[in-house]
Structure formats: C-alpha cells, structure tokens
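Student: Chains as they are written, first to last, in the working numbering: chain G, 1 to 79; chain F, 80 to 1052.
Note that these hints are calculated values from the structure, not bench results. None of the values given here were measured: they were computed from a predicted structure. A couple of the hints might just be wrong.
Derived DSS-like pairs (lysine-lysine); straight-line CA-CA distance at most 25 Å [to be verified]:
| id | chain 1 | residue 1 | chain 2 | residue 2 |
| --- | --- | --- | --- | --- |
| 1 | F | K824 | G | K72 |
| 2 | G | K59 | F | K824 |
| 3 | G | K72 | F | K851 |
Covered stretches of chain F (chain G as the covering partner; in silico rule of three or more C-beta atoms under 8 Å from a C-beta of chain G) [to be verified]:
| id | region |
| --- | --- |
| 4 | 357-368 |
| 5 | 664-673 |
| 6 | 1024-1033 |
Every residue, glycine too, gets a C-beta built ideally from N, C-alpha and C.
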Amino acid sequence: MDIKTYVETVLQPKLQGDGGWIEFVSFENDELTVIFRGECSKCLILHRCEAWIEEQIQKDLGLKVKLCGIRKKPYFQDT
Amino acid sequence: MAHIKVVRRSMRPEEWTDLRFGWLKRHIYSSKWEIENLEIRDARQVAEMQFDYYSEDYRPLKKGDMYFTPDGTAFIKAEVNIPKELQGKELWFSLKTAAEICVKVNGKYVGGVDPNRERMLLSPYINDSETLHFDMMGYNRSKPDDERNPESLSVRGCRQVFEGAYICTVNHQVQDLVYDFELLLDIAKSELFNEDYRAFLNKELNNAMNLIDFDSDELQGVSEAKKYVDEVIYANDNYKGSGDVALIAHSHLDVAYYWRRIHAVQKNLRTVLIQLRLMDKYPDFKYTHTQPYVYETLEKYYPEVFEELKEKVAKGQFEPVGAMYVEPDCNVPSAESLIRQCLYGQNTYKRMFGKRVNNAWLPDVFGNSWILPQILKKSGVDYFVSNKMSTWNDTNRFPHNNFIWKGIDGSEVYACVPPTHFITWNMPSQIQENWEAYIDKDSGGQTLNMFGYGDGGSGCTEEMIELMHRFKKLSVMPKCEHVSGREFLEKNLKGNTELETWDGELYLEMHRGTFTTKSNLKKLNRSLEFKFRTAEMLSLMRGEDNREKITELYKKFLINQFHDILPGSHIHPVYVDAMKDYEEIEKGLEKIINEGGRYFNTLNFKRDALTFIEDENGSNERYGKKGYFAVPNLPSLSGGEIKKADFDGEWITLGDTIETPFYKVKFNPDGSIASLYDRELCREWADGDFNKLKIYTDNPGNYDAWDILPNYKDKQIEVRTEKALELISKDSECATFRTVLKTEKSTWTMLIRLFRQSRGIEVENIVNWNEKHKLAKAEFSCNVLTRKALCDTSAGFIERETHRNTTWQQARFECCHHKWCDMSETDGGVAIINDGKYGAGFHNNVISLSLLRATIRPDVVSDMGMHNFCYMIVPHSGDVVSAKINNLAFQYNVPLVKADVKWNMPTFEPLYLQSAKKSEDGTMTVIRLSEQDGRRGKITLDRKVKLLNMLEDVTGETDVIEYKPFEIITIGW
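Generate the whole structure from the sequences, applying the supplied hints.
Tutor: Here it is, written out as structure tokens:
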C-alpha cells in the first residue's frame, strides 16, 4: 500500500471517528505533508497524534517519515 | 497629565480563599496505592461490540505512558491484591482520565470513571482479601461531553498521558468541607445572589480557611473549619431567597453526534452504571433516563446491568422517561414516523417494565411540529418536555415555561419548556438562574431544572448530590425539591387551571439549517416513509405476516431520525452509517413489496395526475431511468393497466414564447421563467425571478451545520450559464429543456419539463456540488398578493405569515415544510411540490425553496458530491384545498407499485389512508386515517369497527367515523 492510500484508507477513518480529518498532500524526501481539518485543526495536543501517525506508518509500511501537518481551522474557530 | 488606570496587582482576599481551597482539595485522599501491574490493549470499535485490535496481546501500562488512539477503545486489565494495611477500609478506585471507562471487578460491573469523575467506590462490591481482576474498557474522544465544562475541555484529545490508577481511601472530613466550599464559593462568585450575602460569605469563608493549618504535616483544623461553616455560615438565615425549583437528575445522550451509534452502547452503559452506583450510595437519589432504544442495547449486551436497572426502576429510583423510541428530530419526520416513535417506544417500555410512560422527554430537539400534541395525546402522553425554545431562541423570548400546548387539531398536552439548559451541574448559581428566568412563577408551580452531565451521557456525580443535600441549609437559595420527572409534571401541570395556552408550532429560532443540511438523508427519509406504508399495506393485502421484519426495519429507521442524525449535525462516519442503514432498510422493504404483474394504486383516491412510469423503452429519462409519462387513471386502492395516451398531435409550440395547453412560457437562458402566462386562467404567475437558482454565502459560525442566519442574502455568488436552455426531448406528453449552470466549483444541470396533460412544471436538478459555506435556493417571485403561505406538515397544513411586521415573523425567515408549500389568492396561486426538501422561506410574494447547503462542521465534507432531486411548480386555480394540491403531492411522492393484490375494505375517502397494517399483537387490521384539508364530516361504514388510540388500545366502537379538521383517527378492522 502506498503512503497516500494508507493516509486515506487507514488513518482517515480513525481520525474521522473523532471528528477529525486528515488529507494527504505530498510525500517527498521522507517528509509526509498532510492537512488537518475539523477537530484536529484546533487540537491542543495534536503533536501527540502526529507522533502516533509516524509510529503507525513505520509499523505498517516500514517507512520512517517526518510528518508535516498543516492545520486548516474553519473561519469561525480561527481567532 | 496622562491618565493612569489603577490596576490591583496584589492578591485579593477571595483569591487567597481560592488558593487555599485548591490546597484543601489535595488532601481529599487519605491514602493512595498505585496499581503498577496494569496492562493495555489498544483497539478500535468497528461495529457494536466488535473491535479491531492494534496488537495480538496486552502491553504494560505505566504512569506517563501514552494511551488511547484516534477513535480508539482501550482494554485495560490488572490483577490486584489489596495491601494488608488497606484491607477493611472503605476503598475507592481512582483514575484521572479524559476517556470514558467502565470498570469490571471479578466479573461484576462496579462503576465508571470519565472526565467528570475520577473515582468510584469499590468496597461494597468487592472482597478486599481476595485477588481482584480489574477489566476496564475505555473509549476516548476528542470532544468532551459538554464544552462548557472547562475541566473536561482541558483534557480533550485523542492521545492521552496515563496518570496512574490507584486504590484509595478518602478523608471524608476534608471531602465534606470541599463540598461546602464548592457550594458556598459558587454563591460568593455569582452576581445572581444578594451582594451583602456574598460579602458575608467572602469574609466568613476566609475565616473558616484561617482555622486550617496548611503548613502542618497532618492537615490540622479541618473539623474546626467545618464547625465554623455550620455554625456561622449555614446558621445565618438573615438573607432570604425566593423560588421553588424542582431538581430532576438527567443525562442527555446523543445516540450519534461526534461519535457513531456503535459507541452509544458503551456511553449508555457507563451512564447507567454510574447512576446505579449513586443510587446504591444515596437512597434518595432519583434519575430520569430517556430512549427505549438505549435500554434495548443495555438489555442485549449488558444483561446483568440491565437487571440491576430493572430493580431500581421497581424501587422508583431509576425512572424511564420519554415515550419515543429515540429523541427524534421533530420537524422533518412525518406524522406516521412520529407515531411509530411512540408506538415502538411505549411498547418497549411496557415489555421491559410492565408500564408505559406519560411524557415525551425531548430536551435537545430543534423545534417541534404542530402535529405533535395530537400524536402524543393519542399515544398515552399527557406531558411534553423540551428545552430549546427558552434558551436558544435568537430573537424572541418564548413566553411560557409551564403551559398548555394546543396542536393543529385542537388536542392539548401539558408542556414544559424549562427556562435553562438541560445540562447543568447543580450549582446554586445555575438553580438561581433557572428561577430568575422562569416566566410562569405565578401560575406554573415549580420550575424544572435538570442536572447531570450529558450530550454523550455521563450523568450526575456524587458532588451534585452532596451539594443538593446542602441546599436546604441555605436560606438564600430557592426552595429545592429533588423529584422524578413524573412527580414534577403531575404535581405542577396536571389540572392546573392557571396555565396559559400556546396554540401553534414550537418554532425554534435557531438551527434553521437543519431542514436542509445533508440533503440525501432527508430525501431517503421521505421516500422510505412511503415505502414502509407500501410494504405494510401490501403485506396486509397478501395476508403475509411481516410484523417482525417490519418492526426491525422500522426501528433502524427511527434511530436514524435521531435529532443529530436526520438533521445533519454530525461527523462524517455517522452519515456513512446512516446511508448504509437506509440502503439496508430499502432492500428489506423492497423484498417485502416484491413485484407483481399489474400496477396498483396504494393511495385511497383516484390516481389522476401525470406520472412517470419506468420503462426501458420509454422516450423520457428521469432520475437516470428511462420511462414515459402517463395518467394512470387508477381508482382508489385498485389495480389495473396503465396505457399511454393515444395522442400524436402537436401540443407545444416552440419559439421565444413556448405555448402548451396550459401556459405561454418565456424562459431565460438559465432556466428561470421570465413570464408564465396561464392560458386557462388568463393571468400571469411570474413577478420577477421565478424558478431562479440563487447561491448565497452561508456563514453561520460555530453552529455551522445547524444554522442559517438572516444575513445569508447579503452576498450572492455568480451562477453563470454554461449551456443556455434548450429543448432536449419531446414526445406526446412531455417536453424536456436543459440548461447547465456553473459556479467556480460546481455544475448544476436543470431539466425543466412541460407537460401536455398537467399544469405542473417539473424541475429535475442534477448537481455536482463542491462548494463551501453556500446555500442554494430556488426562488419564485409569484404574481400573488397574500400575507400567508400554507405549508404541508404531513398531517394537515400550517399558515405562515409572509410579512415581517413583528420580530416573530422576522425570526421565521426559514421554516420547515413537508411535501408542498403554497402562496395563493382566493382564486388561484402557486404551489411548489417537492420530493425531499424541507427548508423554505416566505417573504412578501417570494417562495425560496432551500436546496443544498455546504457546511464543514461537524462534517468537513457535508453534502459534497452528486445530488439529484426534483420539485414541481404548480400554478392553480382556487385555493390549496380546492386545487387538491395535497393529493397531487402524494401522487408525486408515492411511487406506483406493481402488485397483484385486492383491497377488501372501504376506501375511507375523503380522509387520507395514512397507514394500513397488522396490529402489533396480530389480532386485527389497523387503519390510520388523517384529515388533511381542514374539514369536518363523517364516514358511514357497513359494520362496527373498533376505535383505537395510536398504541392500538381499544377505546370504543363505532360504525360512523366522525372526523374534524386535521384529526388523525385509528381504527381496528
């Protein structure tokens, strides 16, 4: 499974189940860039989830990645 | 000289008290022994009681470890031998967590911990000299039960740090004093209470704290402080409060919302379990719990806890409330759906507890249809409770709290719209706020104040009960009485002749977007409502007993009418679940409906409207299926063949003005109608934008999925015409025109059909919708002078004023309607019939039908993707009733079926045959009839029939059915 499919089919349902949202943007030079929306975008401890995502990718895909998360807060929570 | 604002930087006396209060709380536990051999296994719940595990086995769980995963469930276990020095003492289990954890010890459910409580009592449920097997199941969520509780908000997030689990003993002297301070500090900080009393409290709480020596190793002076509080503070009754407040323990449990329905099983278990344990400890504690559906899940998956619940119900401590199967949305579901909510809800309670309930308990629903009082009254419900109109209305203060609600047919129920939120934590300031907001102080008796954490369940805490036990010591507080729901309602409302009456819908001046958000759910809900009707009728006529299957399907359907599912206010996985459920329900119903050789008209009036007949050889296409248009001409409840009309002449003239037998139409390239001249009635119907697609920016703020704000019209986005309107097909009955409209991101194809034999002008919309924060409406500026619009409610019609004279009309800029809405003069008007749209606005002579929204909270991709829906414009002579718009709307929504069946009963015209089914007990045929034109009259039968209520109890016998406007009548045949 490629990393884009992994983000979309394995990680996404889990984050969605908590009101969160993750979207694949790019994977270059071991850096995985994703967009976080929904509850993830305003989570105060998102860094813990980001570390967990890196662990899961290493465990399931055998890839050591550095996650770069972009938060897209909705306008009504972007204060 | 520059002005310098004096800012106090030194610590105030009250802050000194607060600081020491924090120190005092650190001494609540007299001893804590850490459980160090915990093990954890991470999982994710994928279905009810089904889990995908992250690992084959458990791993050790130590303080400081990360635990829980996104949407994760964790199983935690340990074998615990209580140290000798703790044996024989009152023992507690403590685990500070953001998760929702149910705890089993040696196979027995002992209690739960969550963000609202960190400890649970062990002693009465364990033998502390034997090895204790702890089994915990925890569900973590990023969203706390109630975002107003800052403590639970601060610990939100998917990945948590484990803070350790402990066996503890509690210093009750300290704990008692903490409760006292909790209570008194809340009053001291609340401006709702007497200023002098608050000054007194601030002074004396400081004095009480001065008696405690926080520097000593063993906290000294606690009993002296407690004595001081009793003898100086509680003993002071110089300050008199007023009011009479009924305190009802309740936990709001959204079946689905920021979580899937599968999680509600454990949310309910935890809530119930915690309340049962509080009942063990506090024999005076009573708790109300709604939704028979969640009782069913407890019975099915946790029978031992359910048995305990039944015992507490028998003792009167645990009170089932709410006759409806779930707490449904009460705008969009039809009358028959709401009846089934009551029928299956009441039957479930009766089976479980041997009795029904006499109330509907719907604290969180988004407004209530005018058809409800009749349905409730005829379902054994005398009392109605719903909070939102009092505290959420954005424009007008709803004028009653305890009152009589008069329904569309004149039925009356006692109603309570409590003055404040249904989630409170029993603080004096919240109770005082309730009393002060209570409008009916002189006529309504007590005011209702619910307490208990909720949304995702959780319920009451020990602290709430302890505080409640102290209220009577405070002369400054209103008189408080802890009662059950039934006690409150019967004591204050029953027979109360002083109550005012509200005659009309309970419109919520908020959440107006929920009539439109998640368009696909609404459309499927509509079509399945009629499919249930067809399936039950055909089962009856075929002599098939499908009761069990239909009940199973109906229950699944009713769950999806829950007030955060059907209205669209939920996360994406909830939508996916609902769509899957609808697919299963549809398949199940189609299997029952089956297929016969000839067409059958399930409507109890002649099917005389032009109808689309599916046929792979047909020359028309509708909803992606081939077919042709024909007038079925099938008599009421009869079968037959449908023949295409034998017509091969010209019936339509094309050109700048298109002429049909009914109209001269001038279209604009975008499909809007510049002129619609009625050749029969010799009048123009369009007066400005007519059938004009308008897309507005729709930025309602945090309540994104819920709200449409009145400023939505401020900004309109450009909809350009990609392909101008053109004729794409024409046959002997129908001419179809197509236009393709575009925004920057979406494509909107509009198919407009003109007919030879119908006054209706149908508009099919095929939309690839990729917008964000937009509201699409079809607007119809009608050449009609009227001050009212009529709207179908599914069981009669309601009038809505079209002017903006007062704030009450201004607030109703977006309303819920069912199959049709209409603006008419006395001799003619324009009706819009839909097949799954519910939101509409009426202003002066403009009808604006809400079509699609594009919200991003809670679901980031709400309503994105393909949509296909139709509506029909029906200019008509006379008024709605004489034009038979309701009958037309039924024909538009109820598909023809093929079934070789025969109806052996009367047709019951002119009433609408709403349902024909086997009775729940299988002993008779149940016929439900609905008067929908606002008339009275009678139907004489050739035999005596049983008169039934909606729960199918026999209430009488007759051979003449007398009906009055908007009455729903149930008979047993």
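Student: Against each hint, give a clear statement of whether it holds in the structure.
Tutor: Right, here's what the structure says about each hint:
1. F:K824 to G:K72: holds, 19 Å
2. G:K59 to F:K824: violated, 39 Å
3. G:K72 to F:K851: holds, 14 Å
4. 357-368: violated (count 0)
5. 664-673: Coverage by chain G is violated here, the residue count being 0 at a Cβ distance below 8 Å.
6. 1024-1033: violated (count 0)
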